[in-house]
Structures are given as C-alpha cells and as structure tokens.
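Kindly generate the complete structure, drawing on both the sequences and the hints.
Mapped onto our numbering, the consecutive letters of the sequence shown carry residue numbers 58 to 196.
Rather than coming from a laboratory, the hints here were simulated on the basis of the structure. One or more of the hints may lead you astray.
What the hints assert, rightly or not - Using 20 Å as the maximum straight-line C-alpha spacing, the simulated EDC-like pairs for lysine to aspartate or glutamate come out as follows:
1) K92 x E82
2) K165 x E82
3) K175 x E186
4) K165 x E115
5) K92 x E168
6) K104 x E118
Unchecked claim - Listed next, with one range per pair, are the computed distances between beta-carbon atoms:
7) G98 x K121: 41 to 49 Å
8) E188 x I97: 39 to 47 Å
9) F123 x Q162: 42 to 50 Å
10) G111 x L79: 16 to 24 Å
11) A108 x A172: 17 to 25 Å
12) T153 x E99: 17 to 25 Å
13) K175 x V87: 14 to 22 Å
14) K175 x A88: 15 to 23 Å
15) E157 x G103: 36 to 44 Å
16) E188 x M120: 17 to 25 Å
17) G125 x R102: 40 to 48 Å
The beta carbon of each residue, even a glycine, is placed where N, CA and C say it ideally should be.
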Amino acid sequence: MAPPGGSSARKSVACSAKRSPLETETEEHVARLEKVFEEIGETPRGKTCDAIMGIIEEGQEVMKEFRGAPALDTGLLAAAQAVEHYEIARYGTLKTWAAELGLKQSVKLLEATLAEEKKTDEALTELAESEVNHHAQAA
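This is the structure in structure tokens:
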C-alpha cells in the first residue's frame with residue numbers, strides 16, 4: 058500500500074519531468090567540465106560509466122522487487138544516493154588532482170560541482186529521514 062497522497066520519491070521524480078533545477082544543474086556541470094578540459098587542452102568526449110550503469114541496474118531491481126510496497130521509495134532513494142556518492146567521490150578526486158597540477162580554474166569549477174553534489178545528497182538524506190523512511194516503517 059502506498060503512503061497517503063502517493064509516493065514522495067515518485068512525486069519528486071514526476072516533478073522532474075518538467076525542466077527541473079536538477080536538469081539545469083546537470084547542464085552546468087557539463088559546461089564546467091568542458092572548461093576543465095579547455096584548461097588542460099583536451100577535447101571532452103562522452104563515455105558510458107559502468108559503475109553508474111550498475112547502480113541504475115540495482116535501482117531497476119529494487120523497482121521490480123518492491124513494486125507496490127512501502128519500501129520502494131526507500132530503495133529508490135538509496136539508489137539515488139549511491140549515484141550522488143559516486144559523483145562526490147569522482148569530483149573530489151578530480152579536484153584534488155587539479156590542485157596538485159596547479160589548475161586553479163579547474164579547482165574552482167570542480168569545487169562548485171562538488172558542493173552541489175553534496176547539497177543534493179543532503180537533500181536526499183533529509184527526504185529519507187523526514188518522510189520516506191517513516192512511511193515505509195509505518196506500513
């Protein structure tokens with residue numbers, strides 16, 4: 058049985074179907090990465106990330122396993138946070154490398170993205186702790 062008023066995590070996802078702040082933020086991340094590549098004289102290119110694909114697969118498994126169950130939202134939030142934690146680790150590493158190489162502009166750009174990723178992770182934690190986990194527990 059779904060929580061009254063519907064699922065909080067799914068509502069958040071549904072709201073993101075419109076042009077969301079998260080989508081705009083992602084575009085800003087890409088623009089910053091392009092500037093980092095400029096600073097090192099390289100051309101950026103897309104690449105599939107096996108780690109993120111694995112996290113997405115886990116999220117899909119959660120959706121199948123907990124379909125219609127109160128635990129679905131907690132599982133979806135856990136998957137979303139796994140993505141954020143991966144991104145935090147990667148941006149943190151890149152920022153450190155940029156600092157060690159003396160790439161001051163890149164450090165600032167990567168720090169801005171890292172701060173946004175941490176803020177998103179904190180927002181997901183707040184959502185889990187204030188709503189979603191309680192709904193699952195109460196069911």
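Status of each hint after checking the structure:
no.: 1; hint: K92 x E82; in the structure: holds, 15 Å
no.: 2; hint: K165 x E82; in the structure: holds, 16 Å
no.: 3; hint: K175 x E186; in the structure: holds, 16 Å
no.: 4; hint: K165 x E115; in the structure: violated, 33 Å
no.: 5; hint: K92 x E168; in the structure: holds, 13 Å
no.: 6; hint: K104 x E118; in the structure: violated, 24 Å
no.: 7; hint: G98 x K121: 41 to 49 Å; in the structure: holds, 45 Å
no.: 8; hint: E188 x I97: 39 to 47 Å; in the structure: holds, 42 Å
no.: 9; hint: F123 x Q162: 42 to 50 Å; in the structure: holds, 44 Å
no.: 10; hint: G111 x L79: 16 to 24 Å; in the structure: holds, 21 Å
no.: 11; hint: A108 x A172: 17 to 25 Å; in the structure: holds, 22 Å
no.: 12; hint: T153 x E99: 17 to 25 Å; in the structure: holds, 18 Å
no.: 13; hint: K175 x V87: 14 to 22 Å; in the structure: holds, 18 Å
no.: 14; hint: K175 x A88: 15 to 23 Å; in the structure: holds, 19 Å
no.: 15; hint: E157 x G103: 36 to 44 Å; in the structure: violated, 26 Å
no.: 16; hint: E188 x M120: 17 to 25 Å; in the structure: holds, 19 Å
no.: 17; hint: G125 x R102: 40 to 48 Å; in the structure: holds, 41 Å
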